[in-house]
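Each protein sequence line maps, in turn, to chains A and B. With the numbering used here as the guide, the letters of the first sequence map in order to residues 23 to 176. With the numbering used here as the guide, the letters of the second sequence map in order to residues 2 to 259.
Be aware that a few hints might be false.
Said to hold, decoys possible - Okay, the calculated beta carbon distance ranges per label pair: (1) D94(A) x S196(B): 15 to 23 Å; (2) L200(B) x V85(A): 22 to 30 Å; (3) Q128(B) x L41(A): 32 to 40 Å; (4) V85(A) x L247(B): 36 to 44 Å; (5) G84(A) x F39(B): 54 to 62 Å; (6) P38(B) x S111(A): 27 to 35 Å.
What the hints assert, rightly or not - To give an idea of the chain B side of the interface with chain A (calculated C-beta under 10 Å), a few residues: (7) P38; (8) R42; (9) F53; (10) E85; (11) T94; (12) T187.
In short, the hints are calculated from the structure, not lab data. Bear in mind that the values here come from a model prediction, so they are computed numbers and not experimental data. Built from N, CA and C at the ideal position, the CB exists for glycine as well.
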Amino acid sequence: MPNSAQRDLLVGLFVLAGLVAIAYLSIQVGGANYAGPGGLSLTAYFDEVGGLAERAPVVVGGVKVGTVRRIDLDEEDFRAIVTLEVDDSLELPDDTSASILTAGVLGDQYLSLEPGGSPDLLGNGDTITYTQGAVVLERLIGKLLTSFGSGDGE
Amino acid sequence: MTTPIHTLGQRSIGLIQGLGSFSLFGSRILLCLFTPPFRPRRLLDECFEGGFMSLAIVCTSGAAVGMVMGLQSFNALSRFGAEESMGSLVGLTLVRELGPVLTALLVIGRAGSATAAGIGAMVATQQLDGLRMLSIDPIHYVAAPKAVALTLVMPLLSALFICFALAGGYVIGVPVLGVDGGSYLTSLESALDFSDDILGSLLKAFVFGILVGLIATYRGYTSEPNSEGVSRATTGAVVQASVATLVVDYVITALWGI
Chain A
23 MPNSAQRDLL VGLFVLAGLV AIAYLSIQVG GANYAGPGGL SLTAYFDEVG
73 GLAERAPVVV GGVKVGTVRR IDLDEEDFRA IVTLEVDDSL ELPDDTSASI
123 LTAGVLGDQY LSLEPGGSPD LLGNGDTITY TQGAVVLERL IGKLLTSFGS
173 GDGE
Chain B
2 MTTPIHTLGQ RSIGLIQGLG SFSLFGSRIL LCLFTPPFRP RRLLDECFEG
52 GFMSLAIVCT SGAAVGMVMG LQSFNALSRF GAEESMGSLV GLTLVRELGP
102 VLTALLVIGR AGSATAAGIG AMVATQQLDG LRMLSIDPIH YVAAPKAVAL
152 TLVMPLLSAL FICFALAGGY VIGVPVLGVD GGSYLTSLES ALDFSDDILG
202 SLLKAFVFGI LVGLIATYRG YTSEPNSEGV SRATTGAVVQ ASVATLVVDY
252 VITALWGI
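Based on the provided sequences and hints, a complete structural model is requested.
Next comes the structure, spelled out in structure tokens:
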């Protein structure tokens with residue numbers, strides 16, 4: 023049986039370990055974001071966002087650099103407005119293009135940024151002009167079937 | 002003459018009396034939190050018994066559960082070529098459901114039964130009566146620190162369980178089965194949300210802690226003062242706390258979706 027001081031130490035270590043575990047789960051796994059206000063906020067308009075969800079990763083060259091914050095509908099021209107937040111140390115040219123891609127066949131959708139060659143940089147609150155929406159598998163199959171159908175007919 | 006209707010009536014009255022006395026016991030423990038003398042030493046000792054001593058079983062079981070989850074989810078997902086989603090599947094299951102519930106069940110087995118048996122033995126050996134003679138409230142001195150300690154350690158143990166399980170899943174998924182490490186972590190991190198999942202999980206663990214602490218101490222405190230009564234109280238504490246945990250888990254999930 024440990025004496026009183028050892029007991030205190032062990033309980034202290036236990037509580038510390040528990041708090042570290044909670045902190046790890048909250049910050050690393052849960053993504054409680056402390057870089058929130060400091061990040062570079064950008065918007066992009068898409069015709070089709072598919073299964074893109076809030077908190078989806080934003081990647082450049084496959085490396086995660088930010089997250090999707092909000093997805094809204096522009097009520098005038100019925101396009102999706104995606105608000106994303108990327109690392110503010112990133113110097114993205116203003117002709118960067120954004121496309122919605124899928125990780126694997128059944129994977130989640132993410133937003134990929136492809137920087138262009140312009141000397142001007144994107145600033146906070148800017149809009150990404152060049153966008154490519156999500157590919158909807160059903161439409162793709164539909165198009166394929168139609169093209170097969172018309173091919174048979176000729 | 003007793004008819005089945007009589008029996009039903011007796012049972013119902015007994016049930017309601019039991020619930021009433023349990024509620025009274027709970028409210029007395031709640032009252033103890035605000036009435037001096039406060040005994041941090043007693044609380045610390047109980048945190049050692051309930052928390053630190055449960056650490057080994059919780060961490061080992063966590064790692065084992067994570068490894069099994071890794072294997073099973075890999076087997077299921079590789080049929081669809083979706084191994085990349087393993088992280089999110091393992092993470093969501095563990096954080097939202099298995100972490101708090103399995104931790105609660107393990108703590109019931111390890112610390113809850115010990116609590117009920119310990120208090121039951123004090124009842125049987127008339128130690129609680131001795132405390133009353135010294136005008137020390139046994140609920141204040143014996144039961145409350147145990148119940149509070151179990152409530153406090155449960156979220157910590159649950160978080161440790163989840164961390165060990167996630168590590169176990171990673172070990173099986175990445176080096177053993179060859180899933181890409183980056184995509185395991187990315188899918189894990191993008192699937193889990195802080196306010197919905199992590200806070201919900203900790204809240205669940207906290208509620209389970211209250212339940213386990215109250216039921217274990219209540220069963221011990223109300224046990225019959227003989228060895229058979231103590232063993233019955235211990236068994237009752239384990240069974241009732243386990244069932245209560247699972248039922249309350251369903252209620253929390255159904256009402257708040259966490």
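Checklist entry - Per the hint of 22 to 30 Å, is the separation of the Cβ atoms of L200(B) and V85(A) within bounds? => result At 29 Å between Cβs, range holds.
Next on the checklist: Can you tell me whether the CB distance of V85(A) to L247(B) sits inside 36 to 44 Å?
Outcome noted: holds, 43 Å
Checklist entry - Do the Cβ positions of Q128(B) and L41(A) conform to the proposed distance bound of 32 to 40 Å? => result holds, 35 Å
Checklist entry - So the hint says 27 to 35 Å: do the beta-carbon atoms of P38(B) and S111(A) match that? => result Given a distance of about 55 Å, which is not inside 27 to 35 Å, the answer is violated.
Next on the checklist: Quick check on a hinted range of 54 to 62 Å for G84(A) and F39(B), using CB atoms only.
Outcome noted: Given range 54 to 62 Å: holds, Cβ gap about 56 Å.
Next on the checklist: Holds or violated: the 15 to 23 Å window for the beta-carbon distance between D94(A) and S196(B)?
Outcome noted: This hint holds: roughly 20 Å between Cβ atoms.
Next on the checklist: Can you verify the interface hint for P38(B): is its Cβ closer than 10 Å to any Cβ in chain A?
Outcome noted: Given a least distance of 19 Å, the restraint on P38(B) is violated.
Checklist entry - Hey, does the E85(B) contact hint survive, CB to chain A under 10 Å? => result With Cβ-Cβ at 5 Å, under 10 Å, it holds.
Next on the checklist: Using the nearest Cβ pair, does T94(B) come within less than 10 Å of chain A?
Outcome noted: The hint is violated - T94(B) has no Cβ within 10 Å of chain A, the shortest such distance being about 13 Å.
Checklist entry - How about F53(B): closest beta carbon in chain A under 10 Å, or not? => result It holds, given that the least Cβ distance between F53(B) and chain A is near 4 Å, below 10 Å.
Next on the checklist: The hint names R42(B) as touching chain A; please verify it with the least Cβ-Cβ distance against 10 Å.
Outcome noted: holds, 8 Å
Next on the checklist: Restraint: T187(B) near chain A, CB-CB cut 10 Å. Satisfied or not?
Outcome noted: holds, 6 Å
In summary, the structure is inconsistent with hints 6, 7 and 11 from the numbered list given earlier, while agreeing with the others.
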